[in-house]
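Dock chain B with the ligands against chain A, hints included.
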Amino acid sequence: MKFLTTNFIQCAVKGCQSSDSSFPLKYEECELVAETQEFKPEFLVHMLEKINWSALVQVARDLGNDNLPTEKPELDPIMEDDVLILKDLHNLLVETNILNGKMICNNCGHIYFIKNSIPNFLLPPHLCN
Amino acid sequence: MSRPEELAPPEIFYGDTESFKYTSSTRVQHIQAKMTLRALDLLNLSPDEPHFLLDLGCGSGLSGEILTEEGYNWVGMDISPSMLATALDRDADGDLILSDLGNGVPFRAGTFDAAISISAIQWLCNVDAVGNDPKKRLLRFFNTLYASLARGGKFVAQFYPKDQGQIDDILSAAKVSGFGGGLIIDEPDSKRNKKHYLVLSAGISDRSVNLEGAEMEVSAKKDKRKLKKLESRKSFINRKKETMRKRGRVVANDSKFTARKRRPRF
Ligand SMILES: C[S@@+](CC[C@H](N)C(=O)[O-])C[C@H]1O[C@@H](n2cnc3c(N)ncnc32)[C@H](O)[C@@H]1O
Ligand SMILES: [Zn+2]
Numbered sequence: 445m446k447f448l449t450t451n452f453i454q455c456a457v458k459g460c461q462s463s464d465s466s467f468p469l470k471y472e473e474c475e476l477v478a479e480t481q482e483f484k485p486e487f488l489v490h491m492l493e494k495i496n497w498s499a500l501v502q503v504a505r506d507l508g509n510d511n512l513p514t515e516k517p518e519l520d521p522i523m524e525d526d527v528l529i530l531k532d533l534h535n536l537l538v539e540t541n542i543l544n545g546k547m548i549c550n551n552c553g554h555i556y557f558i559k560n561s562i563p564n565f566l567l568p569p570h571l572c573n
Numbered sequence: 025m026s027r028p029e030e031l032a033p034p035e036i037f038y039g040d041t042e043s044f045k046y047t048s049s050t051r052v053q054h055i056q057a058k059m060t061l062r063a064l065d066l067l068n069l070s071p072d073e074p075h076f077l078l079d080l081g082c083g084s085g086l087s088g089e090i091l092t093e094e095g096y097n098w099v100g101m102d103i104s105p106s107m108l109a110t111a112l113d114r115d116a117d118g119d120l121i122l123s124d125l126g127n128g129v130p131f132r133a134g135t136f137d138a139a140i141s142i143s144a145i146q147w148l149c150n151v152d153a154v155g156n157d158p159k160k161r162l163l164r165f166f167n168t169l170y171a172s173l174a175r176g177g178k179f180v181a182q183f184y185p186k187d188q189g190q191i192d193d194i195l196s197a198a199k200v201s202g203f204g205g206g207l208i209i210d211e212p213d214s215k216r217n218k219k220h221y222l223v224l225s226a227g228i229s230d231r232s233v234n235l236e237g238a239e240m241e242v243s244a245k246k247d248k249r250k251l252k253k254l255e256s257r258k259s260f261i262n263r264k265k266e267t268m269r270k271r272g273r274v275v276a277n278d279s280k281f282t283a284r285k286r287r288p289r290f
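As you go down the protein sequences, you meet chains A and B in turn.
In the numbering used here, each residue's number is its place in the first sequence (first place is 1) plus 444.
In the numbering used here, each residue's number is its place in the second sequence (first place is 1) plus 24.
Chain A extracted, bound-state conformation:
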């Protein structure tokens, strides 16, 4: 699962979707791999608009990366300097893959496992909505 996806995926339990503590999920024991992907600056700028930056900083920290700025950068793909930052973002968001690990909901405590880069969001019967 791409790092980007951690900024959008949330607990599948019905009651958790209205709770503030359920997003982002908490990431533990994650094994990361880098994967080369096509660089699409326009796409990144588009996603940056949607990104919840504080959640991004929090998940990056879970994964052992403390280097993100606290404020969301404003980037324009036509500016040379901004393109350099967009390449870094591409590297982090699109090319960083969580191969194995756990995602935990801070509201209900359910643990979602990531195996072979696929997160398992199937719910046990008692949590089905």
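Because the hints were derived from the structure by calculation, they are not lab data.
Take the hints with a grain of salt, since some may be wrong.
To list a few chain A residues with every Cβ distance to chain B over 10 angstroms, as calculated [to be verified]:
| no. | residue |
| --- | --- |
| 1 | Glu-472 |
| 2 | Glu-473 |
| 3 | Asp-526 |
| 4 | Ile-548 |
Covered stretches of chain A (chain B as the covering partner; in silico rule of three or more C-beta atoms under 8 angstroms from a C-beta of chain B) [what the hints assert, rightly or not]:
| no. | segment |
| --- | --- |
| 5 | 452-466 |
| 6 | 479-488 |
| 7 | 511-523 |
| 8 | 556-564 |
Sample of chain A residues at the chain B side, in silico, Cβ under 8 angstroms [unchecked claim]:
| no. | residue |
| --- | --- |
| 9 | Lys-446 |
| 10 | Thr-449 |
| 11 | Leu-492 |
| 12 | Ile-495 |
| 13 | Val-527 |
| 14 | Lys-546 |
| 15 | Leu-567 |
Backbone N, C-alpha and C define an ideal beta-carbon position, used for all residues, glycine too.
Structure of chain B with the ligands alone, referenced to chain A:
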């Protein structure tokens, strides 16, 4: 021939053998590709802007491969581990999520710009587990899908309804969840090639879905102001670059430094 939906639950029906058979059949590849392109045609997305898409019941990634070829980034959801494993083997570019559509779409509000589903949602009309209520599952599916789409986000689903009852159940769940739109039937008179497409919109968008020939009412009233897109994105960027250049700024792909090697910052 009986419908796959009547033989076993999806994650059992699409086990290792069937996933392989399905995915390696050139006939299946061809049909799925054709229907995916038709779904994109119905979505009618602006070619000038990037879009983040969701593929519901993505299976082994046959529909997703077309999305990649067309330049879209996507996330796929499917209930069959074997189908997803096949997608991994085929190096699908989208992220893959193992999940049951009947339990909802687990993404926060406004995540996706649009969604597609090819040959999957008829499965939601089945009772595959004790206590499953198809109407409840359809509602949960459409409600959470609606929320996960950006305002005005569109959803096109090709599906194989068993009968009119399934069409009615699907349309009414979509409507109750707030979607506008309807059903398009391609080649309605051909027994073999007849195809059903659900064409929906989550609120009003500046480019509506391609509803030529749809048979249900559409939420009309478009925002006139949004409609006047006078300038294409490309010419806008070029004009902006020119302005920046005049101000003596270094704009992208103008610079000899573009390819220099450096360490990532983050
Ligand atoms: C005919 S395949 C289509 C796959 C892909 N969209 C394509 O075009 O090749 C139908 C897929 O729907 C999936 N499916 C059926 N019921 C589902 C459910 N409740 N949740 C998620 N996926 C489901 C199946 O596992 C299967 O992979
Ligand atoms: Zn939860």
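Outcome of the hint check:
Non-interface call for Glu-472/A relative to chain B: holds, since the shortest CB-CB distance, roughly 18 angstroms, exceeds 10 angstroms. With a least CB separation of 19 angstroms from chain B, Glu-473/A remains clear of the 10 angstroms interface cut-off, as annotated. Asp-526/A, annotated as away from the interface, has a beta carbon of chain B within 10 angstroms; the closest lies near 8 angstroms. Look at Ile-548/A: its CB is around 14 angstroms from the nearest CB on chain B, clear of 10 angstroms, so calling it non-interface holds up.
With 7 residues having a beta carbon nearer than 8 angstroms to a beta carbon of chain B, the segment 452-466 of chain A meets the requirement of three or more and the stated coverage holds. Evaluation of the coverage hint for the segment 479-488 of chain A: fulfilled, as 5 residues show C-beta separations to chain B shorter than 8 angstroms, against a requirement of three. With a threshold of 8 angstroms between beta carbons, the proposed coverage of the segment 511-523 of chain A by chain B holds, since 5 of its residues qualify and at least three are required. Counting residues of the segment 556-564 of chain A whose beta-carbon sits less than 8 angstroms from any beta-carbon of chain B gives 5, enough to reach three: the coverage restraint holds.
Interface hint status for Lys-446/A: upheld, as the beta-carbon distance to the closest one in chain B is roughly 5 angstroms, under 8 angstroms. Residue-level restraint check for Thr-449/A holds (minimum Cβ-Cβ distance to chain B is 5 angstroms; threshold 8 angstroms). Given the 8 angstroms rule on beta carbons, the hint for Leu-492/A is violated: about 11 angstroms separates it from the nearest Cβ of chain B. Hint status for Ile-495/A: violated, given a least beta-carbon distance of 10 angstroms to chain B, over 8 angstroms.
Residue-level restraint check for Val-527/A holds (minimum Cβ-Cβ distance to chain B is 5 angstroms; threshold 8 angstroms). Taking 8 angstroms as the C-beta contact cut-off toward chain B, the hint placing Lys-546/A at the interface is violated, the least distance being around 15 angstroms. For Leu-567/A, the shortest C-beta to C-beta distance to chain B is roughly 6 angstroms, which falls under 8 angstroms, so the interface hint holds.
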